[in-house]
Amino acid sequence: MTDHLSPAIVNALVDGELTADQLAGANLHLAECPRCTSVALHQSLLKSATAKAGQRYAPPPQLQERLARLASQEDSGFQTPWFRPVPVTAVRSVGRFGLMGWAAAVVLLLASVSMMFVQRAETASAEHAALVTEVFDQHVATLAANIAPQVVSTDRHTVKPWFQGKIPFSFNLPQNLPNDTTLDGADLTYLRDQPVAQLLYSIGKHRVSIFLRQKSGAEVANELVTERSGFHVMGFRTNDLEVVAVSDVDPARLAELVSAIKHAQTGDQQQPK
Amino acid sequence: MTMRLPWKRKAREAGPQTSRFEDLALPLVPSLYNVAFWLSRNATDAEDLVQETFLKALRGFDSFEPGSNFKAWIFRILRNTYLTSRTGLAARRTVALEDELNESGASGPAQYPEAAIDRQTPETNLFQLADRAALQVAMETLPPPLLEVILLCDVEEMKYREIATTLEIPIGTVMSRIARARVALRAALETQYKPQREFSA
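Those protein sequence lines, which keep their order, are chains A and B.
First residue of the first sequence? That's 42 in the numbering used here, and the numbers climb one at a time after it.
First residue of the second sequence? That's 47 in the numbering used here, and the numbers climb one at a time after it.
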């Protein structure tokens with residue numbers, strides 16, 4: 042009798058990886074070696090048992106539906122710029138946006154509340170309120186959608202150049218961010234028919250949208266601060282830019298980030314706190 | 047000049063080839079999710095992994111050659127996405143050193159402890175293998191490099207060459223990892239059943 046089959050040959054045998062010559066040789070040996078036959082049988086049983094045991098986790102239906110919707114949009118060449126998937130962890134961290142259906146309902150509800158607010162806010166200008174509403178809706182849509190940002194990076198030197206040629210203005214991103222604040226990426230979006238840079242940050246698990254656009258009028262009050270349904274909207278103006286931030290994070294922490302961005306526009310970088 | 051990448055060999059599946067991403071990718075979502083869950087050990091992370099893989103594949107689909115091996119291509123994206131994920135980075139830090147130390151010469155006879163097979167009766171072996179839950183627990187003990195290779199080989203029924211392409215490792219390493227994974231599975235099963243045997247004896 043020849044030497045026993047090596048482990049590599051036995052594994053290749055049960056995995057169907059032997060060449061015709063190797064297979065013929067192995068079969069010859071197995072015909073006269075009970076030990077190797079037993080080993081090969083056990084390896085084969087282990088393989089089939091592993092195949093069954095390994096089929097353990099089924100994807101949730103909503104994931105399959107979401108991916109099917111994405112794929113069909115891509116195949117049809119139709120892409121809505123505002124429909125971006127957010128990582129599941131991020132969606133779940135927001136809590137109230139666990140399901141797309143709920144998200145749509147919340148958007149509708151908030152839009153209604155926003156409209157009521159605008160009607161009652163006699164002191165606010167119509168343009169100002171409309172802009173705030175649009176910014177607010179855009180942020181909520183970003184949270185509820187499930188597509189990654191158009192540019193995904195934590196590097197300001199990646200995010201800023203991405204906008205070259207896409208917007209008719211430039212801006213600076215802060216080098217030093219407040220504690221527990223990270224840059225997630227950015228999107229090109231539109232507000233009032235104007236191209237806008239939407240920077241996406243996270244403060245802890247809270248997501249923040251910072252909208253930057255070319256200054257066009259007195260629509261954003263200097264040092265604007267508005268609270269709406271648990272979200273805070275605040276902004277500032279420079280000589281060239283209008284900047285609006287929206288998030289459900291603590292307003293003091295949002296203000297820290299807004300301050301860092303403001304200082305970045307003037308070249309006065311802050312130290313992280 | 048167009049470089050022909052290894053995963054772009056002809057797919058084994060018979061039947062008409064389709065070039066639509068939807069038709070190619072959606073049937074693989076259950077497999078991608080299953081492997082992602084095994085690797086991340088977490089439903090939320092698995093969903094994120096699959097979603098990110100899907101988006102990367104969608105964006106890079108123009109570079110995919112129609113008719114080539116889509117499954118190996120998208121699993122490679124999944125694997126690379128996992129390696130750069132939080133759980134993947136943590137797993138790599140944990141097992142990298144051990145894996146490197148044991149990798150060389152792994153296909154030799156010393157990697158295959160005969161006692162792992164001969165020690166038990168055929169009846170005991172069959173009983174263990176029929177216990178799906180016990181085998182799943184045994185699989186959970188495998189380090190990621192061994193788990194991923196056994197998932198691709200036994201569950202996804204990939205050939206060694208496809209696995210090598212997906213994991214970006216030599217075929218010899220694929221073979222040695224499969225051998226080590228099966229030895230480790232048997233050892234883990236034996237550990238689970240050992241107290242019962244001692245008790246019954």
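What the hints contain is simulated information worked out from the structure, not anything from laboratory work.
Among the hints, a few may not be true.
Here are some chain A residues pointing at chain B (derived, C-beta under 10 angstroms) [as the list claims (entries may be wrong)]:
| hint | residue |
| --- | --- |
| 1 | Pro-48 |
| 2 | Val-51 |
| 3 | Asn-52 |
| 4 | Thr-60 |
| 5 | Gln-63 |
| 6 | Leu-64 |
| 7 | Asn-68 |
| 8 | Leu-71 |
| 9 | Lys-93 |
| 10 | Tyr-98 |
| 11 | Arg-107 |
| 12 | Asp-289 |
Just a sample of chain A residues kept apart from chain B, beta carbon distances all over 10 angstroms, derived [claimed, not checked]:
| hint | residue |
| --- | --- |
| 13 | Gly-66 |
| 14 | Thr-91 |
| 15 | Ala-94 |
| 16 | Leu-151 |
| 17 | Lys-207 |
| 18 | Arg-233 |
| 19 | Gly-245 |
| 20 | Phe-272 |
A virtual CB, placed ideally from N, CA and C, is assigned to each residue, including glycine.
Enumerated hints in conflict with the structure, sorted upward: Numbers 4, 5, 6, 7, 8, 12, 14 and 15, in rising order.
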